[in-house]
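There are 2 protein chains.
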Amino acid sequence: MGIDFDSTNLLAGMVGPENGLTPKEWRDASPSAANALKSFRKSYEAGDYGFPDLPFQTRLVKELQRHARQMQGSYDTVCLVGIGGSALGAWALDCALRGPHPVQKPFSKSHPRLVVLDNVDPDLVMAALEAMEPKKTVVVVIAKSGATAETVANFLLVREWLESKLGRKAAQRIVAVTSEDRGELKVLATNEGYSTFHIPGNVGGRFSVLSAVGLLPAALLGIDIAKLCRGAAEMTDACWKASLDKNIALRAALNHYLIWTGKNKPIQVAFPYSNRLWGVAFWFRQLWAESLGKARTRAGETVNIGQTPVAALGATDQHSQVQLYIEGPNDKVYTFWTVRRRSSPGRLPKQKLGVESMDYLAGQSLEKLLDAEQRSTAAALTENNRPNGCFALDRLDEAHLGAFLQLLEFKTAFVGELLNINAFDQEGVELGKRFTFGLMGRSGFDSYRERLADYEKRQNQARRMR
Amino acid sequence: MGIDFDSTNLLAGMVGPENGLTPKEWRDASPSAANALKSFRKSYEAGDYGFPDLPFQTRLVKELQRHARQMQGSYDTVCLVGIGGSALGAWALDCALRGPHPVQKPFSKSHPRLVVLDNVDPDLVMAALEAMEPKKTVVVVIAKSGATAETVANFLLVREWLESKLGRKAAQRIVAVTSEDRGELKVLATNEGYSTFHIPGNVGGRFSVLSAVGLLPAALLGIDIAKLCRGAAEMTDACWKASLDKNIALRAALNHYLIWTGKNKPIQVAFPYSNRLWGVAFWFRQLWAESLGKARTRAGETVNIGQTPVAALGATDQHSQVQLYIEGPNDKVYTFWTVRRRSSPGRLPKQKLGVESMDYLAGQSLEKLLDAEQRSTAAALTENNRPNGCFALDRLDEAHLGAFLQLLEFKTAFVGELLNINAFDQEGVELGKRFTFGLMGRSGFDSYRERLADYEKRQNQARRMR
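These protein sequences, in sequence, are chains A and B. Per the numbering used here, the first sequence starts with residue 19, numbered consecutively. Per the numbering used here, the second sequence starts with residue 19, numbered consecutively.
In short, the hints are calculated from the structure, not lab data. Check the hints yourself; a few may be wrong.
One copy or two, it doesn't matter: identical chains are merged, so the pair holds either way.
Unchecked claim - DSS-like, lysine-lysine: derived pairs with alpha carbons at most 30 Å apart: (1) Lys370 <-> Lys183; (2) Lys245 <-> Lys80; (3) Lys153 <-> Lys127; (4) Lys204 <-> Lys42; (5) Lys42 <-> Lys127; (6) Lys123 <-> Lys183; (7) Lys187 <-> Lys80; (8) Lys123 <-> Lys154; (9) Lys154 <-> Lys187; (10) Lys42 <-> Lys283; (11) Lys123 <-> Lys56; (12) Lys259 <-> Lys153; (13) Lys386 <-> Lys475; (14) Lys204 <-> Lys127; (15) Lys60 <-> Lys42; (16) Lys153 <-> Lys123; (17) Lys245 <-> Lys259; (18) Lys475 <-> Lys153; (19) Lys204 <-> Lys123; (20) Lys259 <-> Lys154; (21) Lys123 <-> Lys60; (22) Lys259 <-> Lys368; (23) Lys183 <-> Lys475; (24) Lys264 <-> Lys153.
None of the values given here were measured: they were computed from a predicted structure.
Start from the sequences and build out the full structure, keeping to the hints where you can.
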């Protein structure tokens, strides 16, 4: 397995001392990496965080595989009902291992597709219900608490849609993934007799891709989840090492922490040069934003910190975002994600057409062109003093993907330690959720409905005063 | 037709004077809007910018419709070969008017699909070639200059793929959209006898959605491009009005310019609450980033200005990005995009399940829930002094979409005037392109290959020195 992180273009020698790290800055900061590792290890050993254990659950993997085998052949669609961390991991796995969505192989019972209901837009959901066949659909409903309004609403619809065709047998086509001991999805699953898999209490949504949350849909899609976990396990072992040379997650974390906070880069661009990694980029957006966007440090100090993650796709976004990246404010750090060997080189025809602006490409390959585009973009950014690093995966198979996901989770956790924030909560989303419960008339949320009504009254006044 | 812009939550009265506009600031700035309109009008009348004319080309619309009618029934796939502004508009139209991709109706000769080859990743392109049937595919190749490496490479592959099945008849299945008088795609199209439509010289890629660039693929997909243009034409008329009350583009432009530059918001989040508007959000990302990310003003002053556009999808990204938006740095202005009436309300089952956290939703609708989510998120942002505005479309049909696209183009052009930058060039992407040409051995680009080699030498030194 091979994954590298090249931080050369994050060095002052390449992008200047205002935007890159000097050897002294790196040396001085190195002890803080060791401390971050130590304090994270301590919390982990206290049982606070469960994601490092996920790749080692060989029994769960076998159970999930058995479950998938039992259902195999009875469905052409895996319908995932979930949102945020309950949906992004499965999409990332599907996109990376089975190809970008619009050009995946036609779906069938031997090659089922993934349909993700991760929004309550009726234009998505009602279209999905029309596009799927209840008798050929397996529904995976995922919610840790079981109270997520979007997931509940979609599940109520999907459940009725299944029952209208399958009657009481509908329950056999539903699998729930939820907490073992809290939340009402668990209650409903028990009442109705759904198969159920559990999310460990110390694993948050955005760190759950290697729990049943990501692995069950993956297994149902025919992905080799054992290999995925083996790759992640190998990376996990590396992530506990104290040596910055051997611990790629810790090295990348320290680099990005120093560039972000020391060189004032409030934006990070995750820049895969791979359509198959596009889903991972969106999964990463949640991981980075929700883990590291925080009002307060653990010590209670108000900091309102956070680095805004942006997903850009190479080479496509060279024709959309790179103008801004090269000429706009120098407020970003770029992280390329490349794949050394693609499934095919994409060999171009040898025949020349007598047209200069086309003929130089004859007999070359898409793979070579895409690589040239990435190197050229990195070079252009560097010449304009824009710091950029690069993760390179040898291949994009189960093992490398599992390792890469785990690497990014460890890296995020380490940056949380370096910032002294809690990377594992998300208090900031509660207010909006409560307003929604209030507006939808859930009992116990009347005060939020009233608070929202007051706000809308103030809005009307402000509008009139303008 | 109804499109509103609600700027109430951009007011100091709602989000405080550090983050919102006071009545005095608005009054003082209003004359600059009038000047921006005047100076843009002057450049337009001098023929510099063509996008305001596009909705009025009734003859072109008829020609495109005729062309589509002639081909109709002979294809189940429209394969678009293009990148950046040559691809994003067609995707935006398809997604908005025919539904989000993963759950579109099954494709057929009476309901063809759009496949966009906007990257040179062989994992995308080779999979697409396998997924399409040459005899049932119409290829639209779009490049203004005709020298775009990615488009040329993909076109060479697609052309060979077509010819291998159709022989000399392949040319009849290819339509080129390119400049009339420059670039070698035009030469090739003439040599090989492709049908050809032209991109006006004064219309750049990101402003070209209502030229043949967007309209031809749309017509081939069965979209009513006449209605699209009529909506855009109506909006265009409004966009030339001097009154801020009547000119929604100018009003939105002034608001965003003042918040961006005056309240220090280097990031703009385009936040559609609609899966169907997801493509438009990516189209907008290019429009905003490439038009307004600039090193210099028109007066030659170095400013390195630009507001980073971020696409977020409501309600989905409430479970991914909103934690950062609420608690992180107050460095963003949010623009919601909502749709008042969806194609279906998404009525939820009336039956209760005896589970409190689910039963309050019984008998309600997805439409109502999605609306509640958006209002709640806006309220939560506002309570945390995060400025946010909202474009509301009455419906998402051809006319509203055409109007909305045109509105965003005018808004972008007006902000360019307010900043005194050229919103219509993109010099910043040239260096990377030239490096790529150098690496791929195109003649005339040897010096760039050498410059890149020097850079990689410096990289190796820096790596060793670390």
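query: When no copy is named, should lysine 204 and lysine 42 be tagged within, between, both, or neither for a Cα gap of at most 30 Å?
result: Intra 54 Å, inter 56 Å, cutoff 30 Å: neither.
message: Please sort lysine 154 with lysine 187 into within, between, both or neither, judging by C-alpha distance up to 30 Å.
response: Classified as within: same-chain Cα gap 13 Å, cross-chain 40 Å, threshold 30 Å.
message: Within, between, both or neither: how does the pair lysine 42, lysine 127 come out at a Cα-Cα threshold of 30 Å?
response: Neither: 59 Å inside a copy, 65 Å across copies.
field: Homo-oligomer pair classification [lysine 153, lysine 264; C-alpha up to 30 Å]
entry: Neither way: lysine 264 and lysine 153 sit 50 Å apart in one copy and 53 Å across, limit 30 Å.
message: My question is about lysine 204 and lysine 127: at a cut-off of 30 Å on alpha-carbon distance, are they close within one copy, between copies, both, or neither?
response: Result: close within a single copy only, 29 Å intra versus 45 Å inter.
field: Homo-oligomer pair classification [lysine 283, lysine 42; C-alpha up to 30 Å]
entry: within (20 Å within a copy, 33 Å between copies)
message: Cα distance capped at 30 Å. Does lysine 475 pair with lysine 153 within a copy, between copies, both, or neither?
response: neither (49 Å within a copy, 61 Å between copies)
query: Between lysine 60 and lysine 42, at a C-alpha cutoff of 30 Å, which is it: within one copy, between copies, both, or neither?
result: Result: close within a single copy only, 29 Å intra versus 55 Å inter.
query: Between lysine 204 and lysine 123, at a C-alpha cutoff of 30 Å, which is it: within one copy, between copies, both, or neither?
result: neither (35 Å within a copy, 34 Å between copies)
query: Quick one: lysine 123 to lysine 56, C-alpha cut-off 30 Å, is that within a copy, between copies, both, or neither?
result: neither (46 Å within a copy, 53 Å between copies)
message: One pair to classify: lysine 259 and lysine 368, alpha carbons no more than 30 Å apart. Within, between, both, or neither?
response: neither (49 Å within a copy, 55 Å between copies)
query: What label fits lysine 123 with lysine 183 when the C-alpha limit is 30 Å: within, between, both, or neither?
result: both (27 Å within a copy, 20 Å between copies)
In summary, the numbered hints that this structure violates are 4, 5, 11, 12, 18, 19, 20, 21, 22, 23 and 24.
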